[in-house]
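Asker: For reference, the chains in residue letters:
Protein chains: 2
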Amino acid sequence: MDFEEKTLKRDILFEGQIMTVAKDQVALPDGKTSSRELVFHRGAVAVLAITPDNKIIIVKQYRKAIEDISYEIPAGKLEEGEAGQEVAAALRELEEETSYTGQLELLYEFYTAIGFCNEKIKLYLAKNLQPVENPRSQDDDEFLELLELSYQECVDMVQSGQIKDAKTIVALQYLGLQGNKW
Amino acid sequence: MDFEEKTLKRDILFEGQIMTVAKDQVALPDGKTSSRELVFHRGAVAVLAITPDNKIIIVKQYRKAIEDISYEIPAGKLEEGEAGQEVAAALRELEEETSYTGQLELLYEFYTAIGFCNEKIKLYLAKNLQPVENPRSQDDDEFLELLELSYQECVDMVQSGQIKDAKTIVALQYLGLQGNKW
Numbered sequence: 001m002d003f004e005e006k007t008l009k010r011d012i013l014f015e016g017q018i019m020t021v022a023k024d025q026v027a028l029p030d031g032k033t034s035s036r037e038l039v040f041h042r043g044a045v046a047v048l049a050i051t052p053d054n055k056i057i058i059v060k061q062y063r064k065a066i067e068d069i070s071y072e073i074p075a076g077k078l079e080e081g082e083a084g085q086e087v088a089a090a091l092r093e094l095e096e097e098t099s100y101t102g103q104l105e106l107l108y109e110f111y112t113a114i115g116f117c118n119e120k121i122k123l124y125l126a127k128n129l130q131p132v133e134n135p136r137s138q139d140d141d142e143f144l145e146l147l148e149l150s151y152q153e154c155v156d157m158v159q160s161g162q163i164k165d166a167k168t169i170v171a172l173q174y175l176g177l178q179g180n181k182w
Numbered sequence: 001m002d003f004e005e006k007t008l009k010r011d012i013l014f015e016g017q018i019m020t021v022a023k024d025q026v027a028l029p030d031g032k033t034s035s036r037e038l039v040f041h042r043g044a045v046a047v048l049a050i051t052p053d054n055k056i057i058i059v060k061q062y063r064k065a066i067e068d069i070s071y072e073i074p075a076g077k078l079e080e081g082e083a084g085q086e087v088a089a090a091l092r093e094l095e096e097e098t099s100y101t102g103q104l105e106l107l108y109e110f111y112t113a114i115g116f117c118n119e120k121i122k123l124y125l126a127k128n129l130q131p132v133e134n135p136r137s138q139d140d141d142e143f144l145e146l147l148e149l150s151y152q153e154c155v156d157m158v159q160s161g162q163i164k165d166a167k168t169i170v171a172l173q174y175l176g177l178q179g180n181k182w
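These protein sequence lines map, in sequence, to chains H and L. According to full-length UniProt numbering, the stretch in the first sequence is residues 1 to 182, in order. According to full-length UniProt numbering, the stretch in the second sequence is residues 1 to 182, in order.
Since the hints were derived computationally from the structure, they do not count as laboratory data. Careful: at least some of the hints might be erroneous.
Identical copies look the same in the list; a pair holds intra-copy or inter-copy alike.
Below are the SDA-like pairs computed for lysine to any residue, each with C-alpha atoms no more than 20 Å apart in a straight line [claimed, not checked]:
1) K60 <-> E96
2) K77 <-> F40
3) K122 <-> E105
4) K9 <-> S99
5) K6 <-> E133
6) K127 <-> Q103
7) K23 <-> E148
8) K9 <-> S137
None of the values given here were measured: they were computed from a predicted structure.
Given the sequences, and given the hints that come with them, work out the whole structure.
Answerer: Here it is, written out as structure tokens:
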């Protein structure tokens, strides 16, 4: 069965700093037409960073999209031209947000909101963390507070609804599946 | 520490069928200003449906945002005015996409792309599946193929990159964390 939706026409509705919004007219597999509202995004990286005493680094920050505080693993968008350089991007975000560097291992890559958006996150595990001397500072418009929490504290925060971010839940579940081997 | 970003001005850039796109001017905690590109979405439901012989129902479909085939658990957007009626929405999507109904248990709720979007997914477990007589048919513009796969087959598809959808990975890891108790 051929599922492809061929693009008949694309209208670009908004070209911003972090996203492009488009509306496509598509030909469906049965020959009918429909429209698709789409958000294009450069993609992002996220880092599950484990401290030497087995704590998980969690960033507390305000998220305007939900107008609420969120607790998440360190993460950041790819910059322009940075496709394919996700490891460097992940090390940068880790350093900027936590002042640590570490050894990275790719755990997963996934689309966050595949129904309308092509944002893909590469999720890394960072171990053997070392403090960076004179770390790059975080972005001017980011206000963060760092927490170092046990796995159980994080699981409790998922349960209570304080952790409500998909990539952070994926990362915590990954740890849970490793048992005590991390 | 007060992290709130106060909205100084909101420009609505696009009001579509499934999303509203806005650009906010915000006052940062230090008094400086910045802008935020935001996507507002009604939210969605997803269903981890387990058949009587312990298979996971996976939907194969084309996703225009990534111009590729995707393998995902059944899911769908909330309709207008359906906030707060997520169980009914999840049963509808399950019936439309799989012709089954079942008993639902809420597993997680999470924001999919919290950096710029307020889409929240409620993820349910559906057990005791029963075929629906004369099920509601799927949306006109959805072309789906259903698979019933073992947990290990799904894990292999995550490994190979065929499953690359965040909500589906959350669902599979949930099952992994239950051991053989599902």
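Asker: Against the structure, test the hints numbered earlier, and report the numbers of the ones violated in rising order.
Answerer: 4, 5, 7, 8
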